[in-house]
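Protein chains in written order, with the numbering used here: chain A, 1 to 401; chain B, 1001 to 1347.
The hints are simulated quantities; they were obtained by calculation from the structure and are not laboratory data. Please note: incorrect hints may appear among the correct ones.
Claimed, not checked - Think about it this way: if two alpha-carbon atoms lie no more than 25 angstroms apart in a straight line, the pair counts; the simulated SDA-like pairs of lysine to any residue are:
| hint | chain 1 | residue 1 | chain 2 | residue 2 |
| --- | --- | --- | --- | --- |
| 1 | A | Lys359 | A | Arg97 |
| 2 | A | Lys3 | B | Asp1075 |
| 3 | A | Lys278 | B | Lys1198 |
| 4 | B | Lys1231 | A | Lys283 |
| 5 | B | Lys1095 | A | Thr200 |
| 6 | A | Lys3 | B | Leu1124 |
| 7 | A | Lys45 | B | Leu1104 |
| 8 | B | Lys1095 | A | Met202 |
| 9 | A | Lys278 | B | Lys1095 |
| 10 | B | Lys1268 | A | Arg97 |
| 11 | A | Lys283 | B | Glu1154 |
| 12 | B | Lys1198 | A | Val132 |
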Amino acid sequence: MSKTVFVAGAGVISGIGNNTAECLNALQNSRAGIGKIKYLATAHKDIFPVAEVKLSNDELAKLSGFGPDISRTAMLSLVAAREAKNSAGIENFASLRTGFISANTVGGMDKTEDFFAQFMARSTKGKLRNVVNHECGKVTELVADELGIRNYVSTVSTACSSSANAIMYGARLIKNNILDVVIAGGTDALTRFTLNGFNTLMILDNQYCQPFDANRRGLNLGEGAGYITLVSERVAAGLKTELLCTLSGYCNANDAYHQTASSPDGTGSFMAMEGALKMGGLKPSDIGYINLHGTGTQNNDNSEGTAIKRLFEPHYPKMSSTKSFTGHTLGASAGIEAVFSALSVQQGLIYPNLRFETKIEELPFAPETNFTKQAGLNHVLSNSFGFGGNCSSLLFSKLQA
Amino acid sequence: MYIRATGNISPQKTFGDVPFPAETVTYEGNRLNCITPDYKEIIDPKLIRRMSRVIKMGVASAMACLQEAGIDNPDAIITGTAYGCLEDTGVFLSKMVERGEELLTPTSFIQSTHNTIGAQVALLLHCNNYNNTFVNGGSSFESSLLDAQMLLQEGDAKNVLVGGIDEITDISHAILSRFGLYKQGPVSNLELYNNKAKGTIAGEGSAFFLLGSQASGSDLAKLDAVSTFYKPGSFAEVEQQIEAFLSAQNISMYDVSLVIAGNNGDAKNDEVYNYLEGSLFNYCNVIKYKYLCGEYPTSSAFALWYAAQMIRSKNNGAGEHTEKLKKVLIYNHYQNTYHSLILLSAC
């Protein structure tokens, strides 16, 4: 049984780049991926800025190898998951017990909503190939089949914390000696369904979002996918490629306050962060950087900020929300941010929180505004909180020399 | 792990204080809808008003299960659902199309997320503990069970609430019918396995279980193991997987008193069950369950309830009392993608 779970590979696609190197370059150069809607066909095209992956469905089909009829959610997933798999460089992959645990929130909804307009006019109309992959699990299967993963396939959906829970589940499958290697994370494509849904909640910013700013107005949606390759001690020992870090802690808690709003004292976020630290055997002062959930809504940033104040006072780690680059990618966000956090702790990188201007008065700390390299960065916490009170935190730690 | 209590809303009389086995409810047609209880007795009427049908089914069966177990703050709440909250999804989608993305209201969007039922249960209980939702088609419930099993083994949890929930809506039934999933023409659920038409009958349900790491003295059954395998290449591989599953539990088919099989009445779908009845399951009593609840991706939750009730009531599957029901194996597959195995034993 593996006591330690290692991160051996990472893959990402988001509004700031189609792979890890491109995303890292954008983070270093403060280049946000947010802009006017170009690819999503919606009535709100000119109103809400979003962070789209800068590829049309046809271009994504070419990049992923899927046909253009396949959901954008699956295409994004395959691009990032394949990078995570390949970058781990596991030579005997096929002979190991492998798993693919992927999260998403709306499955093949991008195709379903195209189907629906015709279907509503007449229930015998609409192309069935547009709904055949509607279910969240179908998106995962399509990608698992391409990756050649058969031992264990599963899908998690807990709103915006989905892929953090997928990563936790993957790590536990390794610790419980059920699997040797798990590619875990999540994916979500932008859809009219989610854009309109968030619009009804009145939490979309019609300007570029400003997470953790006193004058924040809401969130920008984004899309993408992010996965890390988790391996057991035994697999890690046999790898020729360099490991990124360890997944040293995680915790899932529920805020149990409201279906969509977070509690004012950040109960769920506090418990998730505290639980992850406890599992890693760390004190709050050991944490060097927090990749915030930081959506940019009044409610989230208040709640998360309060939880951080309660847990970390008086020693605040550096922190930032990379959603100021990628937008809020929902079911993919914790996967994308796990990749950023793993790279952060591996290479000592602190990412900036773009467009930050004014500190929130009630909070005794402010996010980082510049990209910096920091020696002695040993532990990075990544937060993801979602509708339904689902709060999860992941803890990444530097490899012991 | 031990099954301490259950709560099951299904197309049969399975909810509340009912005898087992109850008289089978018959359906004419290819759609079996749940028999729903009076929710006012279980959920605060102010909350019921906003809940869609599947949320009410899910929350009520979860609360009834907890009540039977005498637990008001489980260490974890885990749900499995392939489709999630279809009705709310359909409402929001329809209005979005009708109104050209304008003048929409948030309720159906909020309640369309797949984790709504797990979240609502946590909210009602003020339960801050572990909370997860699996949405993996025909193995959504099995993933939830495996998550529960790991939590209990890891020692962080002593009791876990696990449920499998899926609903049929008019929209989903219309679309899935176009895929040719269901039998056309007259079909009675009692004649499901004699009806030669292609397809099966649609079902739905919500079954919750309170699983404990320790025996309580009044458990329905012991849940020994759960496993799934993905897209097997041949019947021989299915056979091999079942043997490996049993052997990991240090038993063989000779130790299994009863198999509960997932035949759904579609000839192609049922080939593998027929093959097994002639081979691995040859000397074992095999019974079917989908004529009771219909076919749906989380029907194995109904099967687990059925198995647990059989073990508790010492029923041999033919309605006769038996002391010999030691181990029960559930074998089910959903559209030949996910195959699942669940092993239970008498306490």
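We went through each hint and held it up to the structure:
| no. | hint | in the structure |
| --- | --- | --- |
| 1 | A:Lys359 with A:Arg97 | violated, 48 angstroms |
| 2 | A:Lys3 with B:Asp1075 | holds, 23 angstroms |
| 3 | A:Lys278 with B:Lys1198 | violated, 55 angstroms |
| 4 | B:Lys1231 with A:Lys283 | violated, 45 angstroms |
| 5 | B:Lys1095 with A:Thr200 | holds, 12 angstroms |
| 6 | A:Lys3 with B:Leu1124 | violated, 36 angstroms |
| 7 | A:Lys45 with B:Leu1104 | holds, 17 angstroms |
| 8 | B:Lys1095 with A:Met202 | holds, 17 angstroms |
| 9 | A:Lys278 with B:Lys1095 | violated, 46 angstroms |
| 10 | B:Lys1268 with A:Arg97 | violated, 30 angstroms |
| 11 | A:Lys283 with B:Glu1154 | holds, 22 angstroms |
| 12 | B:Lys1198 with A:Val132 | holds, 19 angstroms |
Going down the numbered hints, you'll see the structure goes against 1, 3, 4, 6, 9 and 10, while the others check out.
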